[in-house]
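Whenever a hint applies, use it, and build me the whole structure from the sequences.
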Amino acid sequence: MVNWAPLVPPVADQVISWLVFFFGLIGPIVIILGLIGIRGFMEITRFEKGESVLYKISPLTKLILVISTTIAVSLTIWWFGAILALIYLLLFLTLNNPGKKILYASFLTFSTSLGVVSSFSFYTPYYILTQAIGTDTLHVIWYWPSYFVYMGYQPGLTLEALYYGFQVAFRFIAPMLSGLLLIITTTPSDVLRYLEKVKFPLVFIFALTVAMRSIPRIFDTLDTIVKLQMMRGLGYGKPKALRPFYLLLGGLYGIVPTLIFLMRQAKYTAIAADTRGFNAMPKRTYMKPIVFNRLDYIAIGLTLLLYIITAILLIIGLGRGIPYIGF
Amino acid sequence: MSFNGIGFYTNKPGEIPVEVIAAYFIIALVVVFIFGKRTGGLKAFKTIDWVYIGIGAAAAYIWQFIIGAVAGGAIPSGLTNFIQIPFWGRIFIIFIVAGLVRKVGVGMISLFLFDLLSSLFHYGFSGEPMFFIYEALTYGLFIDLMIAFTGGKIFGLGLTKGPTYVNAISALEGAILGVLWSIPDPIFFYGFFDPFIYGAIVNWSRILFILVASIPGDVIVGILAGLSANRVGKAVQV
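Protein chains in written order, with the working numbering: chain G, 1 to 327; chain C, 1 to 238.
It is worth saying that the hints were derived from the structure and are not from the lab.
No residue lacks a Cβ here, since even glycine has one placed at the ideal position from N, Cα and C.
Treat each hint with caution, since some may be false.
[Stated by the list, open to error] Facing chain C, a subset of chain G residues (Cβ under 8 Å, in silico): (1) ILE67; (2) MET151; (3) GLY179; (4) LEU180; (5) SER214; (6) GLY251; (7) THR269; (8) PHE278; (9) MET281.
Below, the structure is given as structure tokens:
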């Protein structure tokens with residue numbers, strides 16, 4: 001153990017530790033509910049018509065890019081995942097209403113990193129860290145009050161624990177952002193047209209289409225139900241700072257009515273599909289042909305470049321610099 | 001050797017032997033095949049069943065990764081083995097879908113679609129196809145076995161007895177499924193898939209602790225989910 005912790009007066013270290021504790025606990029909730037909100041999630045999880053470059057790439061190419069990103073970040077050091085995440089975040093600027101979208105995506109990225117990094121780096125035992133990083137020397141950058149161990153904290157926060165937290169966090173963030181870009185710029189039926197071409201069963205494609213269409217509808221219905229509860233007095237007269245918690249409570253209360261509302265409407269979707277001859281034949285036909293254009297070839301080229309960079313990082317010893325070994 | 005983030009580590013200390021896991025999944029697949037033959041397989045599903053499954057998978061995804069993940073973040077880490085808000089929401093939603101469809105296969109298909117959505121939106125297919133196999137043939141299969149065992153009258157839906165009896169049956173089946181749903185995460189995931197895919201360290205004291213700690217909460221939520229599945233089933237069928 002190497003002590004790199006700053007010297008802080010006794011009371012100040014308690015205050016700072018508790019502030020960090022509460023920020024790790026409440027920060028993601030405030031960001032998600034207070035800054036993104038149910039409407040914000042709807043905005044970044046549904047298809048929107050557009051003309052930008054991402055709309056012109058075929059869904060299959062985008063799907064390949066999502067999967068390749070996942071492979072690349074799972075094999076390489078955390079900061080490569082962070083660079084990819086930043087590139088995908090900047091690609092939100094090419095969408096409609098870019099300011100709002102990049103803001104929501106940034107909040108989601110920040111809250112996910114904050115949640116994952118704090119939940120891993122504060123709690124991961126030292127023996128796991130030494131095995132993950134392959135060193136016996138840990139650098140302590142902050143000592144928690146001794147009673148924090150009863151909450152599952154390690155005695156001190158180490159630099160290696162932070163690296164470990166980032167390694168785990170960036171396994172999710174770049175794939176998550178690339179997945180959101182795919183969903184925003186591609187209609188569910190386009191994704192599924194390509195899935196059918198790779199012999200995915202038709203009934204699963206139908207259910208997946210319903211699911212993808214349902215995600216923004218669930219947010220929409222839940223938003224209405226939460227607002228109705230607010231109108232009936234949930235959180236009335238309480239301080240504004242507590243609003244995200246009442247929003248969360250309303251969301252918890254609202255899940256069963258939301259499901260009943262959506263499931264009762266399911267029969268109309270089923271009738272509509274049946275009247276169009278759904279599943280009457282083992283195969284279906286398509287109006288739109290599946291085509292690849294110049295942008296697809298460029299995107300495939302970039303995907304190959306991603307693999308080449310991954311290979312180079314692996315060769316020079318930056319592959320999975322700190323493996324996630326499970327805690 | 002590595003494929004899509006799967007390290008194929010089979011010799012980690014304490015890891016369940018791959019033969020045991022393979023045997024379970026082979027038996028599970030045989031069971032699925034037999035049930036499929038008996039019940040008409042996917043052909044027995046109507047269009048509305050696929051719509052229910054689609055909506056349920058979407059709701060489970062939203063709960064697990066957005067609402068439940070946020071709500072779960074407020075639970076101090078030391079208590080997360082006892083209070084698993086994201087997972088409890090999944091229990092709730094999948095049980096409700098099972099109550100609406102009531103055909104063998106709904107559990108496995110719902111879990112498969114849930115995984116597909118999770119991969120599309122969150123994980124980017126990391127570790128697949130291991131998670132498809134693992135979740136569909138554990139959590140999903142348990143639900144389907146219950147549907148087969150109750151003759152399609154899971155959570156008291158379709159029974160013609162009085163409300164007290166029906167509620168007791170819904171609660172009992174929910175409780176049994178709650179116990180069964182407590183098993184895969186500690187035993188299958190931490191005992192095999194975590195080391196197999198990521199090379200994680202296997203700690204059997206921790207696995208047994210997670211198993212014991214998660215059962216009470218999962219049983220209580222299973223009971224509530226069973227009763228809710230009965231209520232939602234009735235409300236939707238009106």
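Which of the numbered hints are not met once you compare them with the structure shown? Violated hint: only 9; rest satisfied.
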